[in-house]
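K.L.:
Next come the chains, spelled out residue by residue.
Number of protein chains: 2
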Amino acid sequence: MGDHVLSKLYVVGIGAGNFDGMTVGAVKALKNSDVIVGYTVYCELIKPYFPDKTYISTPMRRETERCYMAIESALSGEKTAMICSGDAGIYGMASLVLELAAKRRAEVEIEIIAGVTAAVSGAALLGSPLTSDFAVISLSDLLTPMEVIEKRLECAAKGDFCIAIYNPSSMKRADHLKRACEIVMRYRDPETVCGIARNIGRDGEEYSITTLKELALTETDMFSTVFIGNSATKIVDGKMVTPRGYRYE
Amino acid sequence: MGDHVLSKLYVVGIGAGNFDGMTVGAVKALKNSDVIVGYTVYCELIKPYFPDKTYISTPMRRETERCYMAIESALSGEKTAMICSGDAGIYGMASLVLELAAKRRAEVEIEIIAGVTAAVSGAALLGSPLTSDFAVISLSDLLTPMEVIEKRLECAAKGDFCIAIYNPSSMKRADHLKRACEIVMRYRDPETVCGIARNIGRDGEEYSITTLKELALTETDMFSTVFIGNSATKIVDGKMVTPRGYRYE
Numbered sequence: 001m002g003d004h005v006l007s008k009l010y011v012v013g014i015g016a017g018n019f020d021g022m023t024v025g026a027v028k029a030l031k032n033s034d035v036i037v038g039y040t041v042y043c044e045l046i047k048p049y050f051p052d053k054t055y056i057s058t059p060m061r062r063e064t065e066r067c068y069m070a071i072e073s074a075l076s077g078e079k080t081a082m083i084c085s086g087d088a089g090i091y092g093m094a095s096l097v098l099e100l101a102a103k104r105r106a107e108v109e110i111e112i113i114a115g116v117t118a119a120v121s122g123a124a125l126l127g128s129p130l131t132s133d134f135a136v137i138s139l140s141d142l143l144t145p146m147e148v149i150e151k152r153l154e155c156a157a158k159g160d161f162c163i164a165i166y167n168p169s170s171m172k173r174a175d176h177l178k179r180a181c182e183i184v185m186r187y188r189d190p191e192t193v194c195g196i197a198r199n200i201g202r203d204g205e206e207y208s209i210t211t212l213k214e215l216a217l218t219e220t221d222m223f224s225t226v227f228i229g230n231s232a233t234k235i236v237d238g239k240m241v242t243p244r245g246y247r248y249e
Numbered sequence: 001m002g003d004h005v006l007s008k009l010y011v012v013g014i015g016a017g018n019f020d021g022m023t024v025g026a027v028k029a030l031k032n033s034d035v036i037v038g039y040t041v042y043c044e045l046i047k048p049y050f051p052d053k054t055y056i057s058t059p060m061r062r063e064t065e066r067c068y069m070a071i072e073s074a075l076s077g078e079k080t081a082m083i084c085s086g087d088a089g090i091y092g093m094a095s096l097v098l099e100l101a102a103k104r105r106a107e108v109e110i111e112i113i114a115g116v117t118a119a120v121s122g123a124a125l126l127g128s129p130l131t132s133d134f135a136v137i138s139l140s141d142l143l144t145p146m147e148v149i150e151k152r153l154e155c156a157a158k159g160d161f162c163i164a165i166y167n168p169s170s171m172k173r174a175d176h177l178k179r180a181c182e183i184v185m186r187y188r189d190p191e192t193v194c195g196i197a198r199n200i201g202r203d204g205e206e207y208s209i210t211t212l213k214e215l216a217l218t219e220t221d222m223f224s225t226v227f228i229g230n231s232a233t234k235i236v237d238g239k240m241v242t243p244r245g246y247r248y249e
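Chains as they are written, first to last, in my numbering: chain A, 1 to 249; chain B, 1 to 249.
Keep in mind that a hint or two might mislead.
If chains are identical, the list can't say which one is meant, so a pair holds when it fits in one copy or spans any two.
As the list claims (entries may be wrong) - Below 20 Å or equal to it, Euclidean Cα-Cα: the simulated SDA-like pairs (lysine to any residue) are:
| id | residue 1 | residue 2 |
| --- | --- | --- |
| 1 | Lys234 | Ala102 |
| 2 | Lys8 | Asp237 |
| 3 | Lys53 | Arg188 |
| 4 | Lys172 | Arg186 |
| 5 | Lys8 | Asp52 |
| 6 | Lys103 | Ile235 |
| 7 | Lys31 | Thr64 |
| 8 | Lys172 | Cys43 |
| 9 | Lys53 | Arg105 |
| 10 | Lys178 | Tyr42 |
Note that these hints are calculated values from the structure, not bench results. Given the structure is predicted, the values throughout are model-derived calculations rather than measurements.
Next comes chain A alone, as it looks inside the complex (with noise of 0.2 Å):
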């Protein structure tokens, strides 16, 4: 066999699905791929720009059999590519993919490529939210209790963290965004600037403005990422905008 080689796999954020919001890094890493291993949507979003793949797609809810399989790919000697969509660690397949293969002793150099996630993308959509400190929290309950993300939205509100939030909603918890809105508004004011980005990057991409208060109305679906504005943010000819702290004349 000749020299020892180790078997490589990139677990590749590849950003909100259209080729200008990949990294070059990103690019390379699936042009150096034989096997693309992701969940199927993703797969789809990018198999234009990489039409002479083996692609490896599993439906929701299989992450950890997607990344055995990525593992698998790896060891068999396929340069490989498990892609997440935003970025590979935030909310991503990186904490899994490395915590299995170390569980398998995989011989395995894992590289993880970082990505532009939605609470970034979503922010350049609708001016400039988070330019200031703030907070990421997922509404999903899936992995996480219920009371835990609410303790967080509770500490993130009271620390006038701006917020980034994550599956706001889906079919099974339609009122989890509602829920959240008043929690932040037990500490924020109900005319607080919010803001919605949708299809961030794909067909259909839209963004609107709004009010917490009317945010905690509104209805989201999986598609969308919510942002909620600190104290001092304002609406700027039609963005939403954080203000850093500068002064100006």
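Place chain B on chain A using the hints.
P.N.:
Just chain B, lined up with the frame of chain A:
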């Protein structure tokens, strides 16, 4: 003059500074610009990739002047890009550009191009420390009063957020990181896994993993981004990993 064409100003997050860390969209925007405005150090970082441009750079602390120069350049008809390290919005210039353009009633189309901020690129270097709800806090008290920063550290600690710390220290505030660790330790185990990413994406890139107790005694600099784990963060094969919560066998 023919049809009126609105002046164009890009506000571009360039990521850590290496070409691979830029998004494809950032590269396109810079290629499409005639004038690039930025802090001297960031201009020097990207000049090798975009040599045939007019660069306008100002030193640190001249942010308002720099933004006005970018707006004036765009108004004069030059396609202009203002660059920020990391992301354009996160502790970047996007909000100030939007505010100043509105104040001047400048007829400029401002497009914000998101980038990979140090919390995300540093996390990828360390492993996967932010794979749960997290807070991003800057310890610089130039624009935010220290008591606000300390309150936020306390709230983030209480909420068991993973914490990414920007501007952990400088000459004038050598003890800020120590104070931050002491605040977090009121609520979190001194053995909590922490990490430091330094010179991300640049010459001398390095990372180290430590404990909260040790972090309080560690000297950092303005090229470092610091990560404090949550109560579940662990070391996996030498990497800092916050589990998302998946169960596996």
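K.L.:
Evaluate each hint against the coordinates.
P.N.:
For each hint, the structure was consulted:
1. Only between protomers do lysine 234 and alanine 102 lie at most 20 Å apart by alpha-carbon distance; the minimum there is 12 Å, versus 47 Å within a single protomer.
2. Proximity of lysine 8 to aspartate 237 under the C-alpha cut-off of 20 Å is restricted to the inter-copy arrangement: shortest distance 16 Å between copies versus 48 Å within a copy.
3. Within a single copy, lysine 53 and arginine 188 get their C-alpha atoms no closer than 49 Å, and across copies no closer than 46 Å, so neither meets the 20 Å cut-off.
4. For a Cα distance limit of 20 Å, the shortest separation of lysine 172 from arginine 186 qualifies neither inside one copy, at 25 Å, nor across copies, at 37 Å.
5. Taking the shortest Cα distances, lysine 8 and aspartate 52 sit within 20 Å of each other inside one copy (19 Å), while across copies they are farther apart (37 Å).
6. Taking the shortest alpha-carbon separations for lysine 103 and isoleucine 235, only the inter-copy value of 13 Å comes in at or below 20 Å, while the best intra-copy value is 49 Å.
7. Neither within a single protomer nor between protomers do lysine 31 and threonine 64 lie at most 20 Å apart by alpha-carbon distance, with minima of 25 Å and 41 Å respectively.
8. Taking identical chains as interchangeable, the C-alpha atoms of lysine 172 and cysteine 43 are never at most 20 Å apart, the minima being 25 Å within one chain and 49 Å between chains.
9. In this assembly of identical chains, lysine 53 and arginine 105 lie within 20 Å of each other by CA distance neither inside one copy nor across copies; the values are 27 Å within and 50 Å between.
10. Taking the shortest Cα distances, lysine 178 and tyrosine 42 never come within 20 Å of each other, neither inside one copy (29 Å) nor across copies (42 Å).
In this structure, the earlier hints numbered 3, 4, 7, 8, 9, 10 are contradicted, and the remaining ones agree with it.
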